[in-house]
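Spelled out, the chains give:
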Amino acid sequence: METWRERILQFLFPAGSDTRLAVLRLGLGLQVILYALSLLNDWNYLFAATGSGLVSRNLGEAILSLESPFVPRLGWLIAFGAHVGLGEETVLSATWICLLAAGCGLLAGLFCRCSAILAWFLHLCAAKSGAFVSYGVDNFMTIGLFYLMLSPLPDRYSLDRRWRKFRPRDRQWTWRAPGDMDGRAMGPSERERASQLLGFYRRVLQLHMCLIYFFGGITKCLGSGWWNGANIWRALTRPPFDIVPPEILVRWKYFLPVLGISICLIETGYPVFIWLKKTRMIWLICVLGMHIAIGLTMGMYLFALVMMVLNIAAFGPNFSIAGTKGYVGGRKSAPV
Amino acid sequence: MRQKSVYLACFILHFLLIITVSFRETLWLVARGLTIFPSSSKSYSARAEKATSAARGHDLAASSALRQALATYLHLAGIERGYGYFAPNVPESYKLVLELHYPDGRVEYQLPRVNRAAAGLRVAGLLDEIGRTRYDPLREYMVKMLAYSTWREHPDVTMIRAVFGSISLPSISEFEHGKRESYEFLYAYDFSRTDKATEVETP
Numbered sequence: 001m002e003t004w005r006e007r008i009l010q011f012l013f014p015a016g017s018d019t020r021l022a023v024l025r026l027g028l029g030l031q032v033i034l035y036a037l038s039l040l041n042d043w044n045y046l047f048a049a050t051g052s053g054l055v056s057r058n059l060g061e062a063i064l065s066l067e068s069p070f071v072p073r074l075g076w077l078i079a080f081g082a083h084v085g086l087g088e089e090t091v092l093s094a095t096w097i098c099l100l101a102a103g104c105g106l107l108a109g110l111f112c113r114c115s116a117i118l119a120w121f122l123h124l125c126a127a128k129s130g131a132f133v134s135y136g137v138d139n140f141m142t143i144g145l146f147y148l149m150l151s152p153l154p155d156r157y158s159l160d161r162r163w164r165k166f167r168p169r170d171r172q173w174t175w176r177a178p179g180d181m182d183g184r185a186m187g188p189s190e191r192e193r194a195s196q197l198l199g200f201y202r203r204v205l206q207l208h209m210c211l212i213y214f215f216g217g218i219t220k221c222l223g224s225g226w227w228n229g230a231n232i233w234r235a236l237t238r239p240p241f242d243i244v245p246p247e248i249l250v251r252w253k254y255f256l257p258v259l260g261i262s263i264c265l266i267e268t269g270y271p272v273f274i275w276l277k278k279t280r281m282i283w284l285i286c287v288l289g290m291h292i293a294i295g296l297t298m299g300m301y302l303f304a305l306v307m308m309v310l311n312i313a314a315f316g317p318n319f320s321i322a323g324t325k326g327y328v329g330g331r332k333s334a335p336v
Numbered sequence: 001m002r003q004k005s006v007y008l009a010c011f012i013l014h015f016l017l018i019i020t021v022s023f024r025e026t027l028w029l030v031a032r033g034l035t036i037f038p039s040s041s042k043s044y045s046a047r048a049e050k051a052t053s054a055a056r057g058h059d060l061a062a063s064s065a066l067r068q069a070l071a072t073y074l075h076l077a078g079i080e081r082g083y084g085y086f087a088p089n090v091p092e093s094y095k096l097v098l099e100l101h102y103p104d105g106r107v108e109y110q111l112p113r114v115n116r117a118a119a120g121l122r123v124a125g126l127l128d129e130i131g132r133t134r135y136d137p138l139r140e141y142m143v144k145m146l147a148y149s150t151w152r153e154h155p156d157v158t159m160i161r162a163v164f165g166s167i168s169l170p171s172i173s174e175f176e177h178g179k180r181e182s183y184e185f186l187y188a189y190d191f192s193r194t195d196k197a198t199e200v201e202t203p
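The listed protein sequences derive, respectively, from chains A and B.
Under my numbering, the residues of the first sequence are numbered 1 to 336, in order.
Under my numbering, the residues of the second sequence are numbered 1 to 203, in order.
Note that these hints are calculated values from the structure, not bench results.
Since the model is a prediction, treat every value here as computed from it, not as a measurement.
Take these hints with a grain of salt, some might be off.
Some chain A residues near chain B, calculated using beta-carbon distances under 8 Å [unchecked claim]:
#	residue
1	VAL133
2	GLY223
3	LEU284
4	LEU296
5	THR297
Beta carbons: idealized from backbone N, C-alpha and C, even for Gly.
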């Protein structure tokens, strides 16, 4: 029993570098910026309450309250704004600006933790208040930002580390954040623990990605349309995803069943083949290719980007940028 | 070691919730006969779905602190729903056409409009949501909201007829034989300036 527990802990707490954390931060920073910019002209229209919006924000929030009144929502910010004399439009605009600023903060690595929390909170408010106008991308952004917010920020590539020389203690968990991992004023055991903490968050993201693809894949396998290409046809001709003219798709009609079956296999096989050293890179390239294709042929650029960011942060190669240390705690980081 | 145990406990709870939510969604699809599984599996799936719902706290009273805590955590972590996008099959697509009636008898047709393509994807999601809802008053309220947003751009319009329908897509072979997408009528609502029912209310 003890051995099993040790094995599990060893698996869950591998030594890890903060390079992939940097990938997650940079990727989600870019994602938040693009998300905000994509809604620049429609933000107030989508999230306004009764009277000036597309569909009342109050309706989404009322339904959300039936589940739980404690889930963050734009209504809280607007109520607070009203308390200090600000109108709804002003608060919504300020929320958009803060979200964009949080995205920029993440991309630059400035005030990393605050930026991550702010981005997660504001995006969550928008996604929950606008539940009727949200889709998969919001779900995956929340997942990514939730993990990023809890991860031991800042990473070594952030401006927090380079300019502000910020080396916070992660008081929440009493362990030191990986900001301390460059060796100064830290013993080897502390370095190892900080490295393991990074490894833990990477494992959580990796396992979550496996579950996402496994359940996504298995549910697709249960539909007849994915085996004969009908669902690929429908997905690509269904408004508003009908970017590729159907006349072109018809020319590739014998290829569509192969594509449908490949998607089922890639997604369902992800939790197995992404862990095997021999197939990891192939599977990662297939998944990234699938998301690039979704982005280009269905116009779901934001969805494609967030999935690529999460995949690369979870299973991407451990990039090493010149002039930075590729080793953590005196040990080379774990291969996965 | 103690901190690792805390992490381990959080990890187990978090992943149990993810698996429960995802599993429930898959069972829900099987229980409603939306998959290739034989119909005999429906009752088993329905029972299993009920069990997973109970694990999520759905059997508890709506005011239960545990139920609310679970629901809050699921939303905060973004794990309140499964991952069966476009699965088991690609769902139907919907369309809302607004007939704008002017005092001089003129009629214009308009679709719900947004400024950018990114928001357009969200409006398409909203129409899917309206199409899927089985609760008539909610559907009517949402359509009314969309009609009302158009009214603000055309204040001189006296009546709006909102016609909601599904888009029927041809299969590949039908497309090759010349069939194109068609619009199937589902619901229509009339909203007029003088109509008391058109007054926008908070739900």
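Now for the hints, and whether the structure bears them out:
1. Given the 8 Å rule on beta carbons, the hint for A/VAL133 holds: about 4 Å separates it from the nearest Cβ of chain B.
2. Proximity of A/GLY223 to chain B holds as hinted, the smallest CB-CB distance being about 3 Å (cut-off 8 Å).
3. Checking A/LEU284 against chain B by beta carbon gives a least distance of about 18 Å; that is not within 8 Å, so the hint is violated.
4. Of the supplied interface hints, the one on A/LEU296 is violated, with its beta-carbon coming no nearer than about 14 Å to a beta-carbon of chain B, more than 8 Å.
5. Because the beta carbon of A/THR297 sits about 13 Å from the nearest beta carbon in chain B, more than 8 Å, this interface hint is broken.
Hint violations for this structure: numbers 3, 4, 5, all remaining hints satisfied.
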